[in-house]
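Now that you have both chains on their own, put them together as the hints suggest.
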Amino acid sequence: MPPQSRPAPDLHDAATPGTDNGDAPAHRTLIVAVFVVASCGLAYELIAGALASYLLGESVLRFSTIIGTYLFAMGVGSHLSRYVDERALLARFIDIELMVGLLGGLSACTLFLIYAWAGAPFRVSLYAVVLLIGVLVGMEIPLVMRLLHQRKQAFEALVSRVLTFDYLGALAVSLLFPLVFAPLLGLARTAVVFGLLNAGIGLWLAQRYRSELPQARALMMRGWIVLAVLLAALVWAQKLTDQAEGSLYGDTVVYRETTPFQRIVLTRFQDDTRLYLNGNLQFSTRDEHRYHEALVHPALAALPRARRVLILGGGDGFAAREVLKYPQIEQVTLIELDPAMTRLFRDQDGLAALNAYSLRDPRVRTINADAAQWLESAADPAWDLIIADFPDPSHYALGKLYAVPMYRLMQHHLAAGGLIVVQSTSPWYAPRAFWCVDATLREAGLHTAPYHVQVPSFGDWGYVIAGREAGFRPPTGFPPGLRHASAETVHEMFVFPPDMQAPAVEPNRLNTQMLVRYFEEDWSRQSR
Amino acid sequence: MRRRTFLLGAATLPLLHGCDLRPPGFGVSVLRPGMREGHLLRDAAALPAPSGELRCAVAILGSGVAGLSAAWRLAREGGRDVLLIDGPEPDGNAAASLLGGLACPRGAHYLPLPGPQAMHVRDILADLGILHGDPRARLPEYDEQALVHPAAERTLHQGRWHEGLVPQDTPDSAAAARRFNDAMAAFAARTGDDGRPAFTLPLAACSADTSLRALDRQNFAGWLDRAGHTDPSLRRYIDYAMRDDYGAPPEAVSAWAGIHYFTCRNGEAANAEAGAVLTWPQGLSALTCGLRSRLGDTRRLDGFAASITEQRDGVTVIVVQDALRCLTVRADHVICAMPLFAARRISPGLAERLPATALPTAAPWLVANVLLDGFPHERPGADLAWDNVIHGSRGLGYVVATHQLTRVARPAATVFTTYQAGWANPASARHWLAQAGDDDLLALALGDLDAAYEPRWRARIRAVELTLRAHAMAVPAPGFLGAPARQLREPAGRVLYAHADLSGLSLFEEASWWGDQAAREVLGRN
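Protein chains in written order, with the working numbering: chain L, -3 to 524; chain X, 3 to 528.
It is worth saying that the hints were derived from the structure and are not from the lab.
All C-beta atoms, glycine included, are put in the ideal place defined by N, C-alpha and C.
Some hints could be false.
Unchecked claim - Chain X residues, not near chain L, derived (Cβ > 12 Å throughout): (1) D88; (2) S209; (3) L352; (4) A438.
What the hints assert, rightly or not - Which stretches of chain L does chain X cover? Using the computed rule of at least three CB atoms under 8 Å from a CB of chain X, they are: (5) 360 to 370; (6) 392 to 402; (7) 499 to 508.
Next comes chain X alone, as it looks inside the complex (with noise of 0.2 Å):
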């Protein structure tokens, strides 16, 4: 700004102030991805015919955290001639966005230090140069960069910000926060009876002891009521929780997974404390960028599968390219690495096997990045941290996309990313979510921002861009672990299934699980 400019500025500032100087428009952009896909799937729409045909040995369909996994182990161990077709979203869940030359997340953001159970996760880490030294260390050292740095998390409660997740404003509420800190942490030391952990990641390495599994027959918000953590302060974070990473409140979520969600992260390092996350500026497209990196002569082609045939001899994919195009893909074997609500849509042979009843429920998610040129104004407490959450809120919070830069000052523009998601029935939300217009969408995604900071904070906004997830995340509803889904998990003719859906957890670890446990079963074949 010219001096000039400024003193004129200076000048006239008393006169003008109060009034907002800059139109309420911004661009707003609304990002559906997979419902013009799903919804040419569903509507059986004609498809035009084929007009070519690929071959390969492996064919892998869709490219988010599952098929990468899968197409890196395969690319890592000398498997050839694999053909990984993106399907309707690249990277799917880990999606990233480019707004205003600042990268920010449309999906998942962070991820948290793999255990010693999850060496799946650990090897795709130490490739990427993520981890430093040997995987199985005990305490493995990782790229400070991608650790959350300071401030990590804040918490708005009674217009004030408060350091960390759970307020602790009264004796009460910090004594109930110790008392179910400790009951987790006891958890979390468990063992079962066949002397696997009682909760870790992957879900594959939790113990199958009946006892622990009889809590999967409870909701988590009736075992923390007959358990006595019934703080509200204390209530409301593990609503924020549940929500948070299961898409629905502690009422429909299995008692299992809400105790699994405070005990599974036993990762540690020997550069940072217990607990500690990795997050990139955006998110988890990071890792999976790293992994399309690292794909050697791996093929890939544009286009979703629109059917799976299986036959004797091999599997043959139609895959629509665009409205026009249409190929025939004729593999040796599938690794079918999409949601199994859209797999089933595909696959005759899997709609036998799994009724629709069977299909886990998938949750919605609002995500919204807000591109602002400058930082808004401060409530009093905490300073602006990564993840800010509203307590009590019904949204998610928001991350900043700029934390992790290392810069003199405060870049002139950030991108806050708010996630909505946790409504008590997915099916309306989702129908509300389709067809609610832009500006409702809007002021839902900008709910805690406005909570946040004062009216004028909105004068800050350059662009909206909201991506609509309408079958995010399966939601553990009590009983997921005996779901009829899991049967899909031993491996059964030339198409093998990998996504979360298979764990019903929809986490990075248990996508890149299961890509990584077909992958393996493809190469023993071979």
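This is chain L alone, in the form it adopts within the complex (with noise of 0.2 Å):
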């Protein structure tokens, strides 16, 4: 706080005009206000460009028609500065000030959290708001250079000595956002902190002019809480953008949930959207076409009659996806543990759009359910084709689910001329986890087809189509539009090369679970 005895300034008897040596600490309080406040104007434009980037990919289409937008709403604000009453413009600069530093601060969190909250309507949230803090700022300038005239600043002086700082400003915020800011404190809180500056000007504003502001104390009142607002929003803002995950995951996060069942994050790093179930990698958007088309086309279109498919797993819907290409298909049942997989693959409007809308089609049946539990006591009519995308048997309990009692189980529930296919680990790295899943499925009385390809972000990677008939042929013909799977590409599926035979290994039974004792050994061997 100034020290009392200070003479509040007149504005009568500031200096003369085109000088600025009697009233300079004035001046260089608005002067200092405008760095600042171009600064953070140019971190929120720049803060939404990254965050819609991230969220929703295309950069260089977000970022210009978020500039766009920005440049268009400053202009719409420069205009309206127009109407400010004269006698007022240092009590609405501030609240102005307030209003883009609560606004601006908090917009990343805000679009977070909109984003996180499936089936909202982030676009149209995210232009909306940069629409807003647009027109906020664009009144900025204007007033500053009004409030300075007052000052009976010469005009061609203060023109440029706005501009000057306001350029500074940008520049500053320019360089500093990507190489310090964003890296360090994240999206969300690099908004915050540019809000608690915007709302700190406004406050230090508020503070110095008191004597010339008619409502001095509920303007300062509004500020600190304005203040205290972003503050707690710094501290909630951290818990969002946890960086150790961040730094986890090598790309940003730009959603996560803890659900009862497991931690669901997805990443973005520009096109590449990837899905990690407690920190394993489930997809990557750039060859989960690979995984789903070698998961699905094999057997299907072995299956020309099928009407019925169950997928057990698989609640990002890209399986179902899939299975929808062929149109004779009447139904698909997805049995998915997780209510907030489903939820969020089809809900939200851009992870739906990469499984097509599947978990929306009126012939998907999404049932959450625990599909060991749910297989159980299903009443089902038989199915034609039961997909199992269980997770990778990793443990005892998971090792379960690919013993020889569940692959009975699957055979009850198969149709006359039905197929099982199982998602089985990496022939390559875990060549005899692999194999087991083939032995167990043989084990339980069925005749194995066991297949692999080549998915780049895992690896060659493994299934096994499994049926009560012998003899199975991979299929030549497949329905249009896929990326991957071909006559060609199939058959190449089913040749397993000299170096990766099948080595001799036991079935996997539930009270020896020697799965799990493979997959354990052939993965340490690799990470050696």
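Right, here's the structure in full:
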């Protein structure tokens, strides 16, 4: 707080226009405000652009539309600034600073939350927030110029000085944002920090000029409230953008949720969206089509009369997307444990687009249940194809899903001539585990056809098709629009070169759990 | 959980961290099976006059493992006109509960693979579809659903979970464990001078070789001391094993019985390792319920026998159905499948043959089923197993009722079953258990879980069901092989006895053996 003895600035005994010696402190205050305000204004624009391209991809499109919207909004703000009453310029300017601080500071958090809130109109909210901040920021510079002009600043000097600091502020932020703030604080907290600066400037001005402000107390009160809200957000935003996790996944974490079942994390880097469950990569949008086309088409294309398909697991809806490429399919039942997964991939537009909105298809029935428990008591008619897309058998509880009783249970629910397909880990990295799944299906009395495909983000990945009858032949005709599966590539999938031949393995039994041992030993050998 | 709730929760979490938001209260129910009925008989309460009479060829009194095995054998071999009187607790020590929709045991919960002498058990398992193929095969195949899935056992020792039941944390204790195992393996391989195996199940098939039987004259603790098995870690494990299976510490157990425990499990399987055990979420109730489902036209009657009077041409049994209703049952033969202390109370004939001092010491059990809405946070080391033991604890650890299920994710709820048994003085323990309040019983029953988990684990409790078995099992004290109760093994008259008390070992194999024997005797007479 300035000393009481200091005289309050008086507009009328200010120094002569053209010189800024006499009232230098007053002018300097406003010039500093210009610098900060300009920095913050650009920061919000950059944050919105970065957020949009992280969450939605297509960064060129996002950045240019965000910048366009923002500049347009600033123009609108500039125009609106004319209507601000000359006598209340300073008070309105302070109000605008507080509003920009609050809105801009919370913008990234809010947009993260809206994005996380599956089904909320993220795009509309994004551009609305950008528009609103733009309008407010657009009013700032014209108002500062008018304030300085009131204080008898010569117009020529005024324009050049204000614009100099405006551009200097922009330069500072455009360098600091990508190099310091975003990596160090993350988007959400960076926004809050700039919000604090805006609100701080507002509060500082209110304090500095409290004698000429008719409602200084109310203004200051508002300022402190905004400051408190932002400080709280700073603490909370830390939770939202936990840096440790961000660096764990490499790419920017765009969504995370801890459900009663697992930790769901979505990351995005440019156009690649990745899903991690409990830290394990489930898919990368760059190559998931290879995994899911191989999971579905070799079996389903061989079943021209298939009408009913059961998917155990696969809450991302990708397997369902592939199944729906067959027009004769009448019903797809998808048993996914975690309601958060199916909600995310059904209701969240960006993610639902990835699975071609398969979970919204009327032919798809989604049941949130434990697939093993559900199958034990299922009374549904038999299925033509059962797709077992369970997590890898990395521990005993999961190993049971790959044991003889589970395959007998699946067989019990299989229609005449139907097929089972089981994702079976990597025949390259975990050969004994892969061939153990094959041996277990045979132990359950089924005939098998093991195959594999290259999925760059996973490596060589394996599956086993099983059915009651022997003599499975890889199909040659496939539905249109497949990106990888074709007569040639599918034929190739069933070929195991000499360096990938089946080792001698025991089948996986509930009480011995050989599969878990093979899996652990094989993979630990890889990571050596 | 809705995302909004989650976010709100996440936002307020730091503020509330450390506070326990849940009310401390959860439902506690205490069951004392047989206590009301037993005390009614003990206090010779006046019974109403019988309001009716039932006639049958064979009346089976009690529907525990012995009674059901007898009924099953009779039904299987064409025994006709059989009446099964349930007794105070259907299924006896093999009873089960349903807590929060989850099956869990109220008593015995596993069965070792039956060996070559336990054909009576293999027959039952084959009939129930648990043993596949020929029960007489050298290596039968068992239903893998019932074989214990890994991880089977772990022990908490020095703040860390270790796989298995014997912590071998020092070279000394590892060597001691090896030496003990070798000694037991030598006993297991022995054959008596009568050509019969030294130690097997059932007890009736064990050798009568006097040099082996001499072990019955000393207590197990003394024998261990003299044989040099004194490693403290090993002894804690042996102590646990004795209290678990015999309801008493090694000091109170016959050395023969102690060695028998470590050598009798000689069952093998085509699809499991030697020493494997069978278990079900509901414990041995899976077997008793299986037996019940195969009793053909056997009639069942609720109620318990209040008196048995043997006449020249038959047996009269008074059956109490409730406080107001009694029935007279007249049977050609009675299979008395209840503990001997109870049989002695209602049968003047037996009381004459068997003085009260000749009864085996009965040890109490406290079984707690703890329903949890999720799995508590684990200490470091081995993952949660089926059987979890706290090394050196007075409790017998806990088993996980959902262990054998196949599930994609851990179930949202589970039941941990804790066992307390093996007090040095069974009579005073029984007295304490009888008068203890719910809080004291709870503190005792949850002791091992409190030791295994951080205090916050209790916030997961949704309900606790305590089952107090005052006379749960016979203790095979030194001299038990020559106990007077053995005379009841020889059928005399129209009342045949069938209970594990005839062996002095409270095991499924023994109870089932005597049920089977009694049924065969009745079948032979008709």
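Do the hints match the structure? See the list:
no.	hint	verdict
1	D88	holds, 30 Å
2	S209	holds, 32 Å
3	L352	holds, 44 Å
4	A438	holds, 37 Å
5	360 to 370	holds (count 4)
6	392 to 402	holds (count 9)
7	499 to 508	holds (count 4)
Every hint, counting from the list given before, is met by this structure.
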